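A.B. asks: Listed below, chain by chain, are the residues.
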Amino acid sequence: MKIKIATENLSFYYGDFCAIRNISLKFPENKVTALIGPSGCGKSTFIRCLNRMNDFIPGARVEGKVLLDGKNIYSKNIDVTEIRRRVGMVFQKPNPLPKSIFENIAYGLKINGWGNKAEIAAKVEESLKAAALWDRVKDKLKKSALSLSGGEQQRLCIARALAIEPEVLLMDEPCSALDPIATQKIEELIHRLKEKYTIIIVTHNMQQAARVSDYTAFFYMGSLIEVGTTEEIFTKPREKQTEDYITGRFG
Amino acid sequence: MMRHFHTELNDLKINLLKMASLVERALRDSLKAFNERDEALAKRIIEGDERINRLEVGIDKQCLSLLARYQPMAGDLRFITATMRINFDLERCGDQAVNVAERVIELVKRPPLFCCMNELQSIAEIAIEMLSEAVNAFVYRDDKLAIEVCKRDDEVDELRDYIFKALLDFMVTHSPAVRRGTHLIIVTRSWERVADHATNIAEHVVFLLEGKIIRHQY
Chain A
1 MKIKIATENL
11 SFYYGDFCAI
21 RNISLKFPEN
31 KVTALIGPSG
41 CGKSTFIRCL
51 NRMNDFIPGA
61 RVEGKVLLDG
71 KNIYSKNIDV
81 TEIRRRVGMV
91 FQKPNPLPKS
101 IFENIAYGLK
111 INGWGNKAEI
121 AAKVEESLKA
131 AALWDRVKDK
141 LKKSALSLSG
151 GEQQRLCIAR
161 ALAIEPEVLL
171 MDEPCSALDP
181 IATQKIEELI
191 HRLKEKYTII
201 IVTHNMQQAA
211 RVSDYTAFFY
221 MGSLIEVGTT
231 EEIFTKPREK
241 QTEDYITGRF
251 G
Chain B
252 MMRHFHTELN
262 DLKINLLKMA
272 SLVERALRDS
282 LKAFNERDEA
292 LAKRIIEGDE
302 RINRLEVGID
312 KQCLSLLARY
322 QPMAGDLRFI
332 TATMRINFDL
342 ERCGDQAVNV
352 AERVIELVKR
362 PPLFCCMNEL
372 QSIAEIAIEM
382 LSEAVNAFVY
392 RDDKLAIEVC
402 KRDDEVDELR
412 DYIFKALLDF
422 MVTHSPAVRR
432 GTHLIIVTRS
442 WERVADHATN
452 IAEHVVFLLE
462 GKIIRHQY
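Heads up: the sequence lines are chains A and B, in that order. For the record, in the first sequence the residue sitting at position 220 is 220 according to this note's numbering, with numbers rising by one throughout. Adding 251 to a residue's 1-based position in the second sequence gives its number in this note's numbering.
Hints were generated in silico from the structure; no laboratory data involved. Keep in mind it's a predicted model, so treat the numbers as computed, not measured. Check the hints yourself; a few may be wrong.
[Claimed, not checked] Straight-line Cα separation of at most 27 Å, DSS-like style, residue types lysine-lysine; simulated pairs:
hint: 1; chain 1: B; residue 1: Lys-395; chain 2: A; residue 2: Lys-236
hint: 2; chain 1: A; residue 1: Lys-236; chain 2: B; residue 2: Lys-402
hint: 3; chain 1: A; residue 1: Lys-65; chain 2: A; residue 2: Lys-194
hint: 4; chain 1: B; residue 1: Lys-402; chain 2: B; residue 2: Lys-264
hint: 5; chain 1: A; residue 1: Lys-31; chain 2: B; residue 2: Lys-463
hint: 6; chain 1: A; residue 1: Lys-236; chain 2: B; residue 2: Lys-463
hint: 7; chain 1: B; residue 1: Lys-395; chain 2: A; residue 2: Lys-240
hint: 8; chain 1: B; residue 1: Lys-264; chain 2: A; residue 2: Lys-240
hint: 9; chain 1: B; residue 1: Lys-312; chain 2: A; residue 2: Lys-236
hint: 10; chain 1: B; residue 1: Lys-463; chain 2: A; residue 2: Lys-240
hint: 11; chain 1: A; residue 1: Lys-236; chain 2: B; residue 2: Lys-264
hint: 12; chain 1: A; residue 1: Lys-142; chain 2: A; residue 2: Lys-123
Work out the full structure, taking the sequences as your base and the hints as a guide.
C.D. replies: Structure (structure tokens):
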């Protein structure tokens with residue numbers, strides 16, 4: 001099984017505070033890995049290290065390695081924009097740009113150097129289809145993205161992330177602001193997308209982790225406690241802390 | 252919310268233990284009725300099965316409700332699925348107590364048949380003991396005890412084969428004993444089935460404790 005992205009002894013500090021400690025974790029290609037753990041356990045910090053999203057935080061520093069196809073993304077002379085193109089991200093709250101549906105996707109393409117209008121239009125359509133949104137929006141591409149429902153906005157954000165052809169898709173609680181029907185659509189989408197992408201999803205919803213992922217990693221207080229197949233983690237975890245967390249006996 | 256769930260899990264466990272004790276009592280009573288040719292006791296066992304059946308349905312509903320409302324995971328999930336299976340096997344043991352009681356009612360109509368009396372006593376005692384130990388393994392979370400129960404199933408199968416052969420041989424030479432002999436074969440078969448269900452329960456206990464499926468290995 002090919003490992004698409006991996007961390008080696010990855011630690012992350014906000015000033016003096018160590019938010020994640022010495023994490024080595026491998027993410028197999030074309031699989032969905034769920035990160036679970038209580039609030040503040042470091043899973044969002046961790047996922048943001050995977051495309052250098054934490055670079056913007058003043059006083060923060062990273063130790064260890066993040067290997068994308070075996071190459072450390074924190075090495076010198078790395079093009080960070082290129083890393084973020086290859087490792088896309090979808091956030092907790094849908095965050096469409098205050099532009100038209102079409103422009104939301106075309107914008108990323110344009111700043112990545114796309115100029116041909118026909119090519120852009122074709123890519124917008126392809127991305128919206130991949131995010132299972134095309135049929136809903138094809139007749140109103142010029143309307144504001146903000147006119148869409150929450151679930152549709154999130155799928156638009158996924159389409160936007162897919163447009164620039166990433167290899168890895170990071171999803172930070174992508175359904176926490178959505179109703180069960182919209183959630184189901186995103187989960188079905190995740191299922192389909194893993195054929196093309198390696199997906200890492202942070203979720204507080206244990207049932208969601210159990211439904212969508214192939215592997216599950218449990219984080220607690222900045223450390224990785226356990227990782228295994230999702231089936232194993234949710235039926236017979238090895239560590240007592242994992243068992244206590246997923247059966248609600250924590251703390 | 253979770254605390255409530257754990258209280259409900261505890262209620263479920265108490266109900267399963269209640270079920271186990273009713274079934275064990277029914278089996279012991281059916282052995283007593285058999286040994287003492289006690290028709291009245293046999294009738295009470297048959298009537299009492301209704302209560303076991305009601306409890307079985309109640310436990311099943313409780314499990315389904317917990318699964319639907321809480322979507323439990325890991326140890327809790329194994330506990331509920333194991334409980335559903337143990338509950339089913341216990342109810343079937345209750346049915347076997349009824350089967351024995353029904354044969355007792357037939358057997359007391361004729362003089363006793365003195366064939367394999369010791370072996371019949373043994374197979375019944377081992378089967379009841381296996382059930383009792385399987386339930387203990389559940390209560391005390393003792394996987395070693397559960398595996399011991401599984402291993403004893405062969406002993407019961409051998410006894411059953413021995414009794415079947417002896418009864419058939421006896422019936423071949425004593426034709427007036429055919430009707431009673433057939434009832435005794437059915438009784439033997441019932442105890443052997445109780446041992447099978449006890450083995451199943453012990454296997455469910457291993458699954459509950461270790462997450463391993465050991466069915467069809469013993």
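A.B. asks: Is it true that the CA of Lys-312(B) sits at most 27 Å from the CA of Lys-236(A)?
C.D. replies: holds (25 Å)
A.B. asks: Does Lys-236(A) pair with Lys-264(B) here, judged by a C-alpha cut-off of 27 Å?
C.D. replies: Roughly 20 Å between the alpha carbons, so the hint for Lys-236(A) and Lys-264(B) holds.
A.B. asks: Mind checking the alpha carbons of Lys-65(A) and Lys-194(A) for me, to see if they're no more than 27 Å apart?
C.D. replies: Distance ~24 Å between Lys-65(A) and Lys-194(A) Cα, so the pair holds.
A.B. asks: Within a Cα-Cα threshold of 27 Å, do Lys-463(B) and Lys-240(A) meet the stated pairing?
C.D. replies: holds (17 Å)
A.B. asks: Next pair to validate is Lys-264(B) with Lys-240(A); report whether the Cα-Cα distance is within 27 Å.
C.D. replies: Between Lys-264(B) and Lys-240(A) the Cα gap is close to 22 Å, so the pair holds against 27 Å.
A.B. asks: Below or equal to 27 Å on CA atoms is what counts here, so check Lys-236(A) against Lys-463(B).
C.D. replies: Holds: Lys-236(A) and Lys-463(B) sit about 9 Å apart, inside 27 Å.
A.B. asks: Mind checking the alpha carbons of Lys-395(B) and Lys-236(A) for me, to see if they're no more than 27 Å apart?
C.D. replies: holds (19 Å)
A.B. asks: Are the Cα atoms of Lys-31(A) and Lys-463(B) separated by 27 Å or less?
C.D. replies: holds (25 Å)
A.B. asks: Lys-402(B) and Lys-264(B): Cα distance at most 27 Å?
C.D. replies: holds (26 Å)
A.B. asks: Would the hint linking Lys-142(A) and Lys-123(A) be met if the CA-CA limit is 27 Å?
C.D. replies: Holds. Lys-142(A) to Lys-123(A) sits at ~16 Å (cutoff 27 Å).
A.B. asks: Given the proposed pairing of Lys-395(B) with Lys-240(A), does the C-alpha separation stay at or below 27 Å?
C.D. replies: holds (21 Å)
A.B. asks: Tell me if the straight-line CA distance from Lys-236(A) to Lys-402(B) falls inside 27 Å.
C.D. replies: It holds: about 25 Å lies between the C-alpha atoms, which stays within 27 Å.
No hint from the list above goes unmet by this structure.
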